[in-house]
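Asker: Throw the hints in and build the complete structure from the sequences for me.
The residues making up each chain are set out below.
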Amino acid sequence: MNHTSTKALNLTLKIWRQAGPDQPGALKSYTLTDISPDMSFLEMLDVLNEQLIAKGEEPVAFDHDCREGICGTCGVMINGQAHGPDSATTTCQLHMRRFSDGDTILIEPWRARAFPIVRDLVVDRSAFDRIIQSGGYVSVNTGGAPDANAIPVPGHAQQDAMAAAACIGCGACVASCKNASAMLFVSAKVTHLADLPQGQAERSKRVLNMVATMDSEKFGNCTNTGECEAACPAGIKLSNIAQMNREYMKAVLFSCE
Amino acid sequence: MVTVADTTLDGRCPTGNMASRWEQRQRDLKLVAPHNKRKSTIIVVGTGLAGGSAAASLAELGYNVLSFCIQDTPRRAHSIAAQGGINAAKNYTNDGDSVWRLFYDTVKGGEWRARESNVYRLAQLSTSIIDQCVAQGVPFAREYGGSLANRSFGGAQVSRTFYCAGQTGQQLLLGAYQAMMRQVNAGRIKLFARREMLDIVVIDGVARGIVTRDLVTGKFETFAGDAVVLCTGGYGNAYYLSTNAKTCNVTAAWRAHKRGAYFANPCYTQIHPTCIPVSGSHQSKLTLMSESLRNDGRVWVSKSKDDSRSPDQIPEDERDYYLERRYPSYGNLAPRDVSSRAAKERCDEGFGVGQSKMSVYLDFSAAIKRDGEDVIRAKYGNLFHMYERITAENPYKVPMRIYPAVHYTMGGLWVDYNLQSNLPGLYVLGEANFSDHGANRLGASALMQGLADGYFVIPYTVGDHIATRKLSPVSTSAPEFGQALSASKSRLEAILNVNGRHSAEHFHRALGKIMWDHVGMARNEKGLLKAIDMIRQLRDEFWKDVKVLGSGESFNQNLEHAGRVADFLEFSELLAYDALCRDESCGGHFREEHQTSEGECARNDDQFCYAAAWEYQGVGQESILHKEPLTFEECPLGTRSYK
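Note that the protein sequences, when read in sequence, are chains U and B.
Residues 0 to 256, numbered by numbering that gives the first Met the number 0, are exactly what the first sequence covers, in order.
Residues 0 to 642, numbered by numbering that gives the first Met the number 0, are exactly what the second sequence covers, in order.
None of these hints come from the bench; they were simulated from the model.
Take these hints with a grain of salt, some might be off.
35 Å max Cα-Cα, derived DSBU-like pairs, lysine-lysine [unchecked claim]:
| id | chain 1 | residue 1 | chain 2 | residue 2 |
| --- | --- | --- | --- | --- |
| 1 | B | K512 | U | K54 |
| 2 | B | K302 | B | K396 |
| 3 | B | K546 | U | K13 |
| 4 | B | K189 | B | K488 |
| 5 | B | K368 | U | K236 |
Covered by chain U, per the in silico footprint, the following chain B stretches (three or more residues, Cβ under 8 Å) [to be verified]:
| id | segment |
| --- | --- |
| 6 | 385 to 397 |
| 7 | 469 to 476 |
| 8 | 507 to 520 |
Derived contacts from chain U toward chain B, CB cut-off under 7 Å, selection only [claimed, not checked]:
| id | residue |
| --- | --- |
| 9 | I52 |
| 10 | P115 |
| 11 | I116 |
| 12 | Q132 |
| 13 | A160 |
Model, not experiment: these values are computed from the prediction.
The beta-carbon is built from N, C-alpha and C at its ideal position, and this holds for glycine as well.
Answerer: Printed below as a string of structure tokens:
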């Protein structure tokens with residue numbers, strides 16, 4: 000069972016502050032007192048920001064939106080771990096009861112060449128969009144689709160596809176990889192569509208194009224250490240990368256693309 | 000006391016046989032030839048289910064599409080958070096469903112306050128949505144044999160809800176997003192992420208463009224086009240605490256309203272019955288527990304007041320399964336508004352559970368006993384996991400505690416049958432419009448409406464505007480663009496210049512408290528008048544005392560937030576005013592003065608069977624009411640009973 004605090008916490012935060020993409024950045028220390036263990040991690044940052052505004056200091060910029068773990072907007076390195084210490088948990092779903100009174104918490108942005116820093120803890124993840132643009136879809140126009148039950152999809156194939164499709168595109172895999180590889184993200188989409196009958200026509204072309212874009216966006220190669228899987232809040236498995244490698248080999252060797 | 004316009008508003012619906020009205024309209028709509036589509040530009044604001052599907056489908060037709068979103072990528076729009084499912088009248092389960100029944104359930108669920116023709120079209124299009132999404136690779140749940148699985152949702156006695164585990168919105172949105180990305184790659188969509196729309200540009204009475212701010216650089220920009228399609232979601236965050244994502248806001252819709260677009264039925268707000276209760280003053284948002292849980296969970300409180308026993312110590316015969324007691328035919332699947340009020344009633348009477356006494360149990364023990372923990376885990380595992388992360392309680396062992404929270408808004412910008420607002424060239428889709436759900440939306444119908452609007456309605460109707468209007472070419476150098484641009488700029492500068500004492504967050508929380516206390520689940524005249532007064536005062540304080548640091552020429556999240564709070568402070572007054580003027584109870588709008596002896600809504604069809612579309616007259620000025628009378632031919636006005 001995970002560690003659980005029940006009493007209010009006093010904390011020291013060390014947070015990466017950087018005014019803009021071309022500005023120098025540095026860690027800055029802040030102290031917070033009387034933090035409720037029932038707060039989410041982002042609510043703790045809200046408290047800090049309210050205090051900074053009151054003091055006339057610019058608040059810490061961090062990305063967030065749904066605050067229920069599905070949109071993939073939030074994400075910071077917490078004590079060196081993407082999204083913090085809990086498995087299968089986004090930063091917004093991490094709660095302060097996981098920390099202890101007196102803790103020092105180091106908070107940094109995702110760091111990767113392909114994810115330039117916008118400000119403080121906010122990074123630019125548009126490289127992910129460009130990878131999807133290069134082939135992460137089924138080429139079908141609106142209208143004229145056959146009846147949804149016309150092509151049966153066996154329950155296990157659907158479940159495998161769903162497990163891969165659950166990726167929220169947060170970038171934790173890239174941030175936790177020492178090569179800043181995007182292979183878990185890319186392989187999740189490749190697997191999702193390769194597992195379904197609807198994705199067959201473009202199966203080879205898709206994996207070739209997406210891998211090429213991944214490389215041109217300057218993501219590194221897979222290290223095979225599995226940090227990405229450990230950090231992934233959506234439970235995307237390393238086996239997706241194995242499947243993508245097989246898909247890629249098949250496409251290179253046997254496809255006419 | 001209300002100023003009512005002399006003429007009634009016309010929804011411009013086709014007439015004749017209900018089932019062939021959409022076909023009739025499609026016949027009448029003018030087409031744009033391929034070479035002219037290539038010369039036309041359509042601005043689509045928002046990339047949720049409505050905006051994403053619209054942008055992709057319009058680009059596939061050959062239009063030049065400019066797509067804008069405030070998130071860092073279109074894939075994060077708030078549609079992604081929808082959990083439970085999407086309705087469609089496929090009748091795959093052979094349980095008696097049909098287009099007519101989905102239509103009837105929706106009209107009844109909305110308490111006869113929606114436009115019949117729109118709802119019928121929605122039910123007709125529902126089946127094509129499922130086909131389209133499956134073709135895109137959306138991994139809907141399947142039976143072992145490979146056919147699609149269905150489950151039940153509130154307000155229906157058939158199983159017509161398609162789902163992808165507890166992440167249906169995510170998968171549908173990724174389908175639309177991927178279709179969009181394909182068109183970005185093809186060069187037919189130009190994508191503008193982290194852009195906030197701050198104004199609509201109207202030239203000669205026709206919407207011709209928008210003003211945006213680049214949220215990274217702070218730069219203001221203008222864009223011109225042949226039509227503007229707003230898909231900017233709902234206004235639930237007027238209540239501060241809601242299940243909406245933090246960036247959801249009313250700004251785009253409100254700015255369009257200030258430029259002349261009517262705002263309809265703002266008082267129709269949906270309070271969802273199954274949300275995780277508030278845990279403390281730090282709370283920044285509320286989390287929904289999908290309605291699908293009510294397929295297997297039973298809602299109850301103790302039969303005795305202030306019962307401090309733990310739930311497992313309360314024997315079966317001392318539990319009050321109040322939904323099953325009050326609504327035996329629908330039981331725990333009573334519609335959202337009905338279930339929410341029933342929870343409030345029990346808590347207000349002192350039967351609430353938990354430390355705050357402001358929650359009720361949602362108990363899975365019977366289902367776990369019947370089906371086994373593994374079956375329940377397979378159906379709802381991710382939701383149970385989320386509940387445990389937030390509350391540190393294990394719902395497999397202890398009943399969940401839930402309480403209603405603001406979730407969805409049925410009101411929105413007024414649109415006609417073609418989804419065009421009263422401003423020609425301005426179309427409004429999805430939650431941002433008011434059209435299909437009446438006074439209450441049924442579960443799993445928001446996804447259906449967003450996608451019907453974007454995939455299957457706007458591609459037909461927008462062409463008619465372009466083909467018949469014969470628009471003259473327009474560029475952003477027109478004076479109207481400059482004027483709108485400087486108005487947007489000076490508003491943000493004014494906020495920065497206040498330099499007061501309190502953050503935007505402070506004002507947003509204060510507004511939320513006013514709205515929840517007086518314009519929430521139960522409303523009355525006195526409370527609404529008080530709310531209007533308090534909102535005005537708070538708005539004055541905001542403009543005297545808000546504090547936003549930093550500059551407008553950089554990435555400044557507090558400035559963005561302050562701008563949205565300023566708009567909520569104007570808009571909320573209209574919401575409360577609409578609630579005051581609608582002197583009846585219906586669906587999500589419950590006026591305490593108008594209830595039956597059993598505490599149900601008492602509607603007043605003689606006086607209020609209309610959509611209330613408000614025309615802007617200035618901040619703090621009373622708006623002018625335009626009434627669109629509602630007539631019911633297929634589903635005659637009836638009593639909404641789930642007993």
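Asker: If a hint holds in the structure, say so; if it doesn't, say that too.
Answerer: Hint by hint, here is what the structure shows:
Under the criterion of a C-alpha separation no larger than 35 Å, the hint pairing K512 of chain B with K54 of chain U is consistent with the structure, at around 25 Å. Distance restraint check for K302 of chain B and K396 of chain B: the Cα-Cα separation of roughly 21 Å lies within the 35 Å cut-off, and the hinted pair is therefore satisfied. Of the supplied pair hints, the one linking K546 of chain B and K13 of chain U holds, its CA atoms being roughly 25 Å apart against a limit of 35 Å. Taking the CA atoms of K189 of chain B and K488 of chain B, the gap is about 24 Å. The hint holds against a cut of 35 Å.
Restraint check for K368 of chain B and K236 of chain U: satisfied, since their Cα atoms lie roughly 32 Å apart, inside the 35 Å limit. Closer than 8 Å: that is the beta-carbon criterion, and the segment 385 to 397 of chain B has 4 residues meeting it against chain U, so the requirement of 3 holds. Counting residues of the segment 469 to 476 of chain B whose beta-carbon sits less than 8 Å from any beta-carbon of chain U gives 0, not enough to reach three: the coverage restraint is violated. Look at the segment 507 to 520 of chain B against chain U: 0 of its residues bring a Cβ nearer than 8 Å to a Cβ of that chain, fewer than three, so the hint is violated.
For I52 of chain U, the interface hint holds, since its Cβ comes within 7 Å of a Cβ in chain B; the closest pair sits about 5 Å apart. For the restraint placing P115 of chain U at the interface with chain B, the shortest Cβ-Cβ distance is roughly 11 Å, beyond the 7 Å limit, so the hint is violated. With 7 Å as the threshold, the beta carbon of I116 of chain U stays out of range of chain B, its nearest partner Cβ sitting at about 10 Å, so the hint is violated. Here the hint on Q132 of chain U is kept, as its CB sits about 4 Å from the closest CB of chain B, short of 7 Å.
Interface hint at A160 of chain U: satisfied, since its Cβ lies 4 Å from the closest Cβ of chain B, which is below the 7 Å cut-off.
Violated hints for the displayed structure, listed by number in ascending order: 7, 8, 10, 11.
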